[in-house]
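Given these sequences and hints, build the entire structure.
Take a look at the letters that make up each chain.
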Amino acid sequence: MDKEKQLQRISADRCNSLVQFYPAALQEMPADAVAIVVDDNLIQRDTVCAAGSHMLYSFRPPFQAEAITRAQAAGYTVIGRANIGEFNMAGSETSWFGPTLHPQDTAHLTSGAAAAVAQGFAEAALIVDAGGANLRQAALGGCSAFRPTYGSVSRFGIIAFLSSSEQIGGVARDIDTAAALVQAVAGHDEKDATSLPKPQYDYAAAADVAGLRIALVEDLLAAAGAPARAATEQAAEALAAAGAQISRIRLRQAALAPQALAVMAAAEGCNNISRFDGVKYGYRTANYRNIEELYCRSRGEAIGETAKCLAMLGSLVLAKDNYEPYYRKALQVRYLVKQELDQIFTSCDLLLAPVAPAEAPLAADAAASPFPFCDPAHAFGAAATLAGLPVAVLPYGTAENGLPFGLQLFADSGHDSLPLRAAKALQAAPRKGGAC
Amino acid sequence: MAYEVVIGLEVHVELATESKIFCSCANNSAAAANENVCPACAGMPGLLPVTNRAVVEKAIAAGLVTNCHINRVNTFDKKNYYYPDLSNSYQITQLYAPICTDGYVEIETEAGSKRIGIKQIHMEEDAGKLLHDDLAGISMVDYNRCSVPLVEIVSKPDFRSAAEVIAYLEKLRALLRYAGVGHCRMEAGLMRADINLSVREKGDEKLGVRTEIKNMNSFAAIQKAIAYETERHIDAIEWDEPLVQETRGWDAVKNESFAMREKENATDYLYFPDPDLPPVIIDEEWIERVRAALPEMPDAKQARYQADFQIKRKEAAQLVASPNLAAIFDAAVAQGAEPREAANWLLTEALACAKKAGQSADELQLDPQKLVVLLAELKEGRLTRPNAKLVFAAIFEEDAEPLAYIRAHGLDQVADDSAVRELLTQIIAANPKSVADFRAGKTKALDFLFGQAMRELKGSGDPKLIRQLLNELLAQ
Ligand SMILES: [Zn+2]
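The listed protein sequences correspond, in order, to chains A and B. 1 is the number of the first residue of the first sequence in this note's numbering; add one for each residue after it. 437 is the number of the first residue of the second sequence in this note's numbering; add one for each residue after it.
Just so you know, the hints here were simulated from the structure itself, not pulled from any lab data. Source: prediction; values computed, not measured. Any given hint could turn out to be false.
Once the Cα atoms are required to be at most 30 angstroms apart in a straight line, the calculated DSS-like pairs of lysine-lysine come out as [what the hints assert, rightly or not]:
1) B:Lys748 / B:Lys690
2) A:Lys320 / B:Lys555
3) A:Lys280 / B:Lys515
4) B:Lys565 / A:Lys191
Structural data, given as structure tokens:
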């Protein structure tokens, strides 16, 4: 690799992929090291970690995310930080650093990680997936990605948004590279009490689907537009051709997953960003006379519209009289979703669905609602996220404008190799339409 | 009309653990400001709480000594509010599944003994402290106390007088100190009480309007606050004035309670289960391990002192009131000290020395083995009582070795009677008038000569020997 050329390309990025770029890291990288970028909500020692927010524009933590430390120990070099939506609560259009544009068509949006990897700035990206949104952006941005079972990778060092279900994953141009990065960072960590004691992390599965029972999720197919649906059906055919048994299922309880996830995201998001109060670090208003004004103005001036709306919604669902009908109800739904999926996984190995109703959104459409849950795509990742399941995504099929559609494959907790096997098989299979 | 006051208490006790509840910082809020602070307890993002098992153990111990049921599944909840001393803008506590429930504490007042019910005990983290510099007009925050472990012990509304409240707090403090749960020093804020109080007509079933006085940290203030608040309630009832259910503070200068700002009464804490903390499961084996490690509790100890050693009730109670004093006493007795003599020395000399040094019974340090040696010297008649006090003071103040000190300062009982004989002969020769008086039958004259001799011997003479020799010499 010509490092000088690479450096020039990254510096000339027109997509706003990275919020920080470390040319020195790239130049001094050993020959056998692998360049990666990390999402801006992953904490890195002595570096500004803003999580896409003005609130943290000056926050330089004295410690580091466990996943970054493990990646570095495994020979990965961090060459930059990828743009995310503010606090990872929504798409990159909510980032204080501005939106990340789709490298294939800059009228559309994607995530910083997807844009950086798709353009070859780095081999892979370490991402934090919240609600399936980051996986979706990776696939629609033309990349493959893998999120292991909840608890496989330590959440120590994530600037948290959706603590109960967010999980670190890997993005790369092929699923093997993404899985290898996840393999390097997975494992028990005593600094995270929800870390699995013995996570299963053999992700080097073969591209073999012979005999696998794969079910298409009818509800999500029906929610997708015709072209995206057709791409998923094609994938099912390709998997059948490779030896998988294909069936179709309908979700009952799991159909409520998007609403439950929205309630939990609002509550946890509200709580997780409440520590950003202008007192200790980060942004503080220049104009205050007392502590109330310091709080209100610092937060009012430095937190964006979407995060504010989410925090308001969170306060609402946690209020004394709303806790039972909203938050507790959401916990009950999560329990039922898990139960239903457990049942489903007794008769099939994998679920297959589109990641979104269509291709990557137009920048012009993205700002329509400040609530990320109003985006129809939110529903697609909810069930697997609520249940903490392992998910592999990949681009599959192409829209008329040339942008990719995305597929997701998910299995029961702990069966992380299954979605990887299917994703690898699809990657290897010959395709109709354009390859991505 | 006869009124009855109904009181319930919420007592916060800081746990005596090495480290904080959810991070590994030292639990020492007395250190220099912000010395024991890490990114987690300073409220940085990215940190995850990990429950300190020692905290769970202390909470189990607190439950066991207050006869509570220990719950198997323990979850933690987040309580949200904004205040600069709360670094994370939320406090981790137990709302939905407290660790201990349904216990009681036996108390004794002049009216007799009574059982006070414990509704629940839950674990939580403390907040930091604000320091205000009024001259510079700035406020500073010290996070040392952030995430220091606490238990909150919630009683049932079983108290009917301030005396019962004080008896309960004293008993609770003794139980928790023996069990090693906390130091419970109220003046240092290690034990704080919120008082829930209402007044009703005697015989009424229904409770009156309840007010809560927060953050009381001295027995004297608690007594005054209960008296004041009871009076205020009765006054309002008698004059048919409205009483509001509210949170009040206590002004220790004006000796009156005052309504807190409306805001603090209207806060919605947006409680929800902490997704970062999986439940802590407590099995029977763990509970039994904690139970087995508990020392003898104060009631049993006092009963034993009274029954086995014939120590009076008041003295026995005084000894067990301080786990430290009781431990010194137990060790001294185990090493052969006569129990009543040891108790006597500890309750008089030791406490007097401690008081002089500005220490409490819990702080005083005394090597029990040295007390044993001292008492043996005294018993064997090798040391006089006044000299023994000198030696005791030296042991207390400079940790002196009793035997070496006695020798070095010539405090041995003067047993060599030739020296005493010589001295007495001189005294007799120098006081012919007293000798004449004595021989004329005035026995008082002997006391004068005896006094002279004791003065010359600077207290180290054996009084029995001196009287005997004096009689002998005067008879010649
Ligand atoms: Zn700490």
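Here's how the hints hold up against the structure:
no.	hint	in the structure
1	B:Lys748 / B:Lys690	violated (41 angstroms)
2	A:Lys320 / B:Lys555	holds (22 angstroms)
3	A:Lys280 / B:Lys515	holds (20 angstroms)
4	B:Lys565 / A:Lys191	holds (27 angstroms)
Checked against the numbered hints given earlier, this structure breaks only hint 1.
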